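Residue numbers (the numbering used here), protein chains in the order written: chain A, 117 to 353; chain B, 156 to 354; chain C, 26 to 114.
If you're looking for bench data, these hints aren't it; they were derived computationally from the structure.
All values reported here derive from a predicted model rather than from experimental measurement.
One thing to keep in mind: the hints can contain errors.
[To be verified] Over 12 Å on every C-beta distance to chain C, these chain A residues come out as not near it, computed from the model:
1) Pro145
2) Leu189
3) Ala247
4) Glu346
[Unchecked claim] Some chain B residues judged to face chain A by a derived CB distance under 7 Å, without partners named:
5) Ala157
6) Ile158
7) Val159
8) Ser160
9) Arg161
10) Phe163
11) Gln164
12) Gly165
13) Arg166
14) Ala224
The beta-carbon is built from N, C-alpha and C at its ideal position, and this holds for glycine as well.
Residue strings, one per chain:
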Amino acid sequence: MRPLPWRAAKLVEIRQETRTARTLAFAVPGWPGHLAGQHVDVRLTAPDGYSTQRSYSLAAPEDGDRVELTVELVADGEVSPYLTEVLEVGDLVELRGPVGGWFVWRPESARPVLLVAGGSGLVPLMAMIRARRRSAGLAPFHLVYSIREPAQRLYPAELDRPDPGLRVDYLYTRATPGGYGRPPGRITRADLLTADPDADCFVCGPTGFVEAAADHLIALGHDAARIRTERFGPTGG
Amino acid sequence: MAIVSRGFQGRRREESVKLPPGQYLTYDFPVLSAGPTPRIPLDRWEFAIDTEAGQTHRWTWPELMALPAEQPTVDLHCVTKWSKLATHWRGVSLDVLMADVETTAEYALVYSYGGYTTNLPLEDLLDGKAWIAYAFEGEELEPQHGGPARLLVPHLYLWKSAKWVRGIRLLHEDWPGFWETAGYHDYGDPWREQRYQGD
Amino acid sequence: MSTENDYLDGNTLAGPLAELFAVDLTVAEGKCVSCGRNGPIADLRVYGPEPGLVARCPGCEEVILRLVRTPDAAWLDLRGVVALRVPLP
Numbered sequence: 117m118r119p120l121p122w123r124a125a126k127l128v129e130i131r132q133e134t135r136t137a138r139t140l141a142f143a144v145p146g147w148p149g150h151l152a153g154q155h156v157d158v159r160l161t162a163p164d165g166y167s168t169q170r171s172y173s174l175a176a177p178e179d180g181d182r183v184e185l186t187v188e189l190v191a192d193g194e195v196s197p198y199l200t201e202v203l204e205v206g207d208l209v210e211l212r213g214p215v216g217g218w219f220v221w222r223p224e225s226a227r228p229v230l231l232v233a234g235g236s237g238l239v240p241l242m243a244m245i246r247a248r249r250r251s252a253g254l255a256p257f258h259l260v261y262s263i264r265e266p267a268q269r270l271y272p273a274e275l276d277r278p279d280p281g282l283r284v285d286y287l288y289t290r291a292t293p294g295g296y297g298r299p300p301g302r303i304t305r306a307d308l309l310t311a312d313p314d315a316d317c318f319v320c321g322p323t324g325f326v327e328a329a330a331d332h333l334i335a336l337g338h339d340a341a342r343i344r345t346e347r348f349g350p351t352g353g
Numbered sequence: 156m157a158i159v160s161r162g163f164q165g166r167r168r169e170e171s172v173k174l175p176p177g178q179y180l181t182y183d184f185p186v187l188s189a190g191p192t193p194r195i196p197l198d199r200w201e202f203a204i205d206t207e208a209g210q211t212h213r214w215t216w217p218e219l220m221a222l223p224a225e226q227p228t229v230d231l232h233c234v235t236k237w238s239k240l241a242t243h244w245r246g247v248s249l250d251v252l253m254a255d256v257e258t259t260a261e262y263a264l265v266y267s268y269g270g271y272t273t274n275l276p277l278e279d280l281l282d283g284k285a286w287i288a289y290a291f292e293g294e295e296l297e298p299q300h301g302g303p304a305r306l307l308v309p310h311l312y313l314w315k316s317a318k319w320v321r322g323i324r325l326l327h328e329d330w331p332g333f334w335e336t337a338g339y340h341d342y343g344d345p346w347r348e349q350r351y352q353g354d
Numbered sequence: 026m027s028t029e030n031d032y033l034d035g036n037t038l039a040g041p042l043a044e045l046f047a048v049d050l051t052v053a054e055g056k057c058v059s060c061g062r063n064g065p066i067a068d069l070r071v072y073g074p075e076p077g078l079v080a081r082c083p084g085c086e087e088v089i090l091r092l093v094r095t096p097d098a099a100w101l102d103l104r105g106v107v108a109l110r111v112p113l114p
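So here's chain A without its partners, still in its complex pose (with noise of 0.2 Å):
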């Protein structure tokens, strides 16, 4: 017996979050349950048996059957255009999990909790968001969130509707809306200055993002015991 099997996972709603990302929810028959923050493997087959998988964060909490994840399409890759362009409400594709117990948040905790996203890294560290509101949680939050320009966020009427103890902070690296104090840029040591230095760290992005982050937590006085990072990288796509 397999402790973790593959599972049929059919698509049932799609939501286009920009205009290279959609959120896919999908029906998993008996689907275990999950913690924010922990992420599943994607099988895709075509018919003629040639298969690859994927690995995606969970952009939702807990919710029954269904399974929400948010795709990004990457230029170039092998999966993620046919998830975000090809797949319709009703197709099916194979999914196990939930995998990863460290990377995550649990709503018993108080503890203030540091979230510092970049990219489409904001998935797993939206499922804790969204897992903080829905157990009306009252651990304060803090959003950093990288992005290129304003029309690549994630999220952006979730994030800008009021939610108690939730402070979200907006880096841009290439263009910023008009008015914007920042200049655009990567982040440095001072976008993270604000932050409490006692909190729950969780950063999430592509692998240089992640270490420029994670380097400034530390010398800010963060403690690396406290730090939780997720890289993506060069299998993406």
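Position chains B and C against the provided structure of chain A, taking the given hints into account.
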């Protein structure tokens, strides 16, 4: 039994009679890595052949450059199933490097900067079958592809063509290398599809 | 494709290891044989997934764990860890 996803084809997989079984054609040059890319300054680079009798033959970079070079055109077959045809290399044949090496060993363990190793029979390195290659498609070999120099032994799966090659140990017994101790085949002939132990 | 320092976190081993173990090994802590650094599997630097997953110590870059999945077997090498402490709540 896997479920087929409607409309999924995967990367276009071109099969061809010129390819070993299970391989598909690619036109780019994928990079697979098992660790950080070593950077070896040429003034500290060295290549060695260590014999079973404890003798070591060494070449510095200028010494390697001074040896007669060949320009093989070869097909590459990676165990991860891509093949790349008609690639152009420049390098020194192992026949040249082995010319003055006295040995009765039957096996070779190739070792690299960064700690990688791979094993193969010594005869697979001889008779025009293998090179220490330092240029690819007319350019110096990039670090991500094994530069400054890599072993090129194209009749075996590409993991045998150790990147960042540093030396070859000659042995009486076959000594499995990095991937060979973790399930990959000791010989790795693509035409017999020897991918894994037991194939 | 791959460029400088393209590695993932040990988190990425959770799926492949879950094929072998009933508990989540990525939260297990171990000591590096080479430099003595302590930490969870989730904190390792992972290269791959092809031809195999290679997890290295973030302190000294030595190989801690390797995992190769063949069509009919998994090969697991834990050469670089002194012992793993697996939390069992």
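Going through the hints against the structure:
1. Separation of A/Pro145 from chain C is adequate, the least Cβ-Cβ distance of about 19 Å exceeding the 12 Å criterion.
2. A/Leu189, annotated as away from the interface, keeps every beta carbon of chain C farther than 12 Å; the closest lies near 17 Å.
3. The Cβ of A/Ala247 lies farther than 12 Å from every Cβ of chain C, with a closest approach of about 18 Å, so its non-interface assignment holds.
4. With a least CB separation of 5 Å from chain C, A/Glu346 falls inside the 12 Å interface cut-off, contrary to its annotation.
5. A least Cβ separation of about 4 Å between B/Ala157 and chain A falls short of the 7 Å threshold, and the interface hint therefore holds.
6. Hint status for B/Ile158: holds, given a least beta-carbon distance of 5 Å to chain A, under 7 Å.
7. Nearest Cβ of chain A to the Cβ of B/Val159: about 5 Å, under the 7 Å cut. The hint holds.
8. For B/Ser160, the interface hint holds, since its Cβ comes within 7 Å of a Cβ in chain A; the closest pair sits about 5 Å apart.
9. Against a cut-off of 7 Å between C-beta atoms, the interface hint on B/Arg161 holds, since the closest Cβ of chain A lies about 5 Å away.
10. Interface restraint check: B/Phe163 against chain A, minimum CB-CB distance 5 Å, threshold 7 Å, status holds.
11. Satisfaction of the interface hint for B/Gln164 is found here, the shortest Cβ-Cβ separation to chain A being roughly 5 Å, below the 7 Å cut-off.
12. Using the Cβ-Cβ criterion of 7 Å, the hint placing B/Gly165 at the interface with chain A is satisfied: the shortest such distance is roughly 5 Å.
13. At its closest, the beta carbon of B/Arg166 sits 5 Å from a beta carbon of chain A; the interface hint therefore holds under the 7 Å criterion.
14. Against a cut-off of 7 Å between C-beta atoms, the interface hint on B/Ala224 is violated, since the closest Cβ of chain A lies about 33 Å away.
When each numbered hint is compared with the structure, violations occur for hints 4 and 14.
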